[in-house]
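Single-letter residue listing:
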Amino acid sequence: MKRMLRNAILSSALLAAASVAVPAVAQDEAIYIPNLAYRTGPFAATGTPLMNGQRDYITLLNERDGGLNGVKLEYDECETGYNTEKGVECYEKTKARAVVTQPWSTGITLQVLPKSNVDKIPILAPGYGFSPMADGKVFQWAYNPPSSYWDGASMILKNISDGNLDSLKDKKIAFLHLDHPFGKEPLPLLEVLAEKHGFNLVPIPVGLTEMQNQSAQWLQIRRERPDFVVMWGWGAMNAGAITEAVKTKYPMDQFVGVWWSGHDGDLKLVGDQGKGYRSISWSVPNSEAPLMADIKKYVVDAGKSQINQSEGEFDSVFYQRGLMISVILVEGIKAAQEEFDVRNPSPEQLRWGLENIKLDEARLKELGAEGMLVPFSTSCADHTGHGGGWMLQWDGAKFVKASDLLTPDRTEIEKLEAEKAKEYAEANAPWPVNEECSM
Amino acid sequence: MFYRTAGQFKTSYQADHALFPVRQDAFLLGVILIFAFVIFPLTASEFTFRALLIPVLIYSLAALGLNILTGYAGQLSLGTGAFMGVGAYACYKLITIFPEMNIVVAIAMSGFFSAAIGVLFGLPSLRIKGFYLAIATLAAQFFLVWLFQKWAWLYNYNASGAIQVPNIEMFGITVAGPRATAITQYYFVLCVVCVITFFAINITRGRIGRMWKAVRDMDIAAELVGINLMRSKLMAFFVSSYVVGIAGALFVFLWRGAAEANLFDIPLSFRVLFIAIIGGLGSILGNFLGAILIVALPVIIGSVPQAFGIPLDSAMVEHLNIMIIGALIIAFLIIEPHGLARFWAMIREKFILWPFPH
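Protein chains in written order, with the working numbering: chain A, 1 to 439; chain B, 440 to 797.
Simulated from the structure, these hints should not be mistaken for lab results. Watch out, some of these pointers could steer you wrong.
[Unchecked claim] Here are the simulated BS3-like pairs of lysine-lysine, each with C-alpha atoms no more than 30 Å apart in a straight line:
(1) A:K137 <-> B:K532
(2) B:K532 <-> A:K415
(3) B:K568 <-> A:K415
(4) A:K247 <-> A:K169
(5) A:K196 <-> B:K589
(6) A:K422 <-> B:K532
(7) B:K589 <-> A:K422
Looking at chain A on its own, in the form it has when it is part of the complex:
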């Protein structure tokens, strides 16, 4: 009897849980934007400012403009802790009403990507995820604007070689990366480029368990004496690498990271000693921009933000990048609204919208975010936009822009993208390919 009772309790709990997943019709007027956020776990330090940025831009639109074209935006977070298992749970929980999936981890992206063709919800992974997602013919539902990891790797090499990759011949480049799908992502391209331009690539993986203690990796770097260290790090790994680099007195101006390795908090730990460290980035913080003034007025000063003001989070690269990520998404929604003349676009319509984002300099200026994001536009065949990026350099107290707009060298990347996209489609057959769009 007791067990029956327990069964009854359990099944009613399951039913309660099931009813959560059913869309609440009353709220459907608002556009529901879920975010698979992580404010807990080992990556929380880098995740939190990004999530705050995403959240605050949506809040700004709701507070200042009453939503988007008069429709409120409902921003909702589902906590994953960067855990792929929680990611699946969150995806299932939110997908009934979601217009978009923001998976926020390469591992979760890999899990939801195959489902995108079945569930027909676009995946927006700005600056992360699987690089071949740029191929819109194969990955009809996935977007990674404005630059993919392969673009990033190409831009870093271009910048450290002053535009001529052949000058890297016989130089040694250590590739310090997280031993995880995210960190391995640029390896195929780097290997191709190393072969082509004759530089010596030394991949140095950092396991998830050794992120905070990288003495073995830096011992290897000290022994190998590479001319450059390129880092694909995330979360606690960044701080670990930067403090180790300071400890081993590795010249900071030869140390370059991807955009996720340019977190103010990590560099503040070493302050002046980190001077010269560079990170490629497709967004630049500019606290003087009109958009930031509005954020301050409508969101931060109104007490609607969760940012940590005493730590200078408002001025940080990651917070402002979070804002830009929401800018990209909202541009997509807006394009869909206007094209289909609907207030609340369906996921299918948003897919069209994300394919037709035009964030040129004029539009960015209109938004009050001039120079904060690389200008780019997407198309049916190009889901990344390949807007390029800038080098940011740590000046001892903050990141400053240290280069003109860099663009990736696309010849090798395109070949690789086509090859890997084809491989993916074959491995996941039957995989529908959109033949309608032309390159």
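Given the coordinates of chain A, work out where chain B should sit on it, guided by the hints.
Showing chain B alone in chain A's frame:
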């Protein structure tokens, strides 16, 4: 009253050794199976399938495998996650090398791979015991995860180092991969779990199970009464790793859809070990109760604030969740140190006497 055993007479040895000597137990099991096979599938949403039912079943199976080794044969293992990984990678290789192979065959065969690896890492158990053996299996954990990362052949040289489940059909129905519906996957997992549980119950209460228990309780005594220690220990490793390997294959193929090596790292081993310990070592039912507590309860608690419209941040919900589950685990272990299965057994005893306790 409900659990009265009076009047249920056994007239043969066979009846006395039946799986359910008490009629009400069989009735309860019937009710649970009706819930599992009919009522849940009729009422559950996709979220319920994918976030509650399927993971609970798969984790129960993994814990069952571990429980055979640790609970019945007394060999502590910290390598469960890696053995699950062996099952998953073996199944992936089988499916990609022989695409026409039936997935049931592939999953059944992948169990043998992990069983072989399990026996290999079980060899030290002949010389070392207890915590020392745990350290040896921990070595398996580290070595195998390292191997999953470094041996690119295992993941077909995929750039991201992850394995991805293709669409797999069985008799015209897609059972695995992105196109599979949640309900087919649920039934698939449920059937596999039921079959394996049935065999596990019978193995553990038969001759082999008694052999294991004898080894667990005192191996020198067991050896003196003529039990071959090497055979019984290695058999425990074999059977346990086989079940764990199948759980691993189901874990990736019928639930996750994609996996990277880190997934099989030590947190997974600990999670399965916690399920087995909290559920109750040396019991089959305990694995299911433990999995419900560790896997399903956080999901249910996590959706409570939303269901009642309480405005709480998802990060805050997560923190509360961790605290509540932690408190519950401690509370259950204080109430009954031998796990939830023992807790249920005590309740059942009380029910048999009720309403006239001594």
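Comparing the hints with the structure gives:
no., hint, result
1, A:K137 <-> B:K532, "28 Å, holds"
2, B:K532 <-> A:K415, "27 Å, holds"
3, B:K568 <-> A:K415, "56 Å, violated"
4, A:K247 <-> A:K169, "29 Å, holds"
5, A:K196 <-> B:K589, "25 Å, holds"
6, A:K422 <-> B:K532, "20 Å, holds"
7, B:K589 <-> A:K422, "24 Å, holds"
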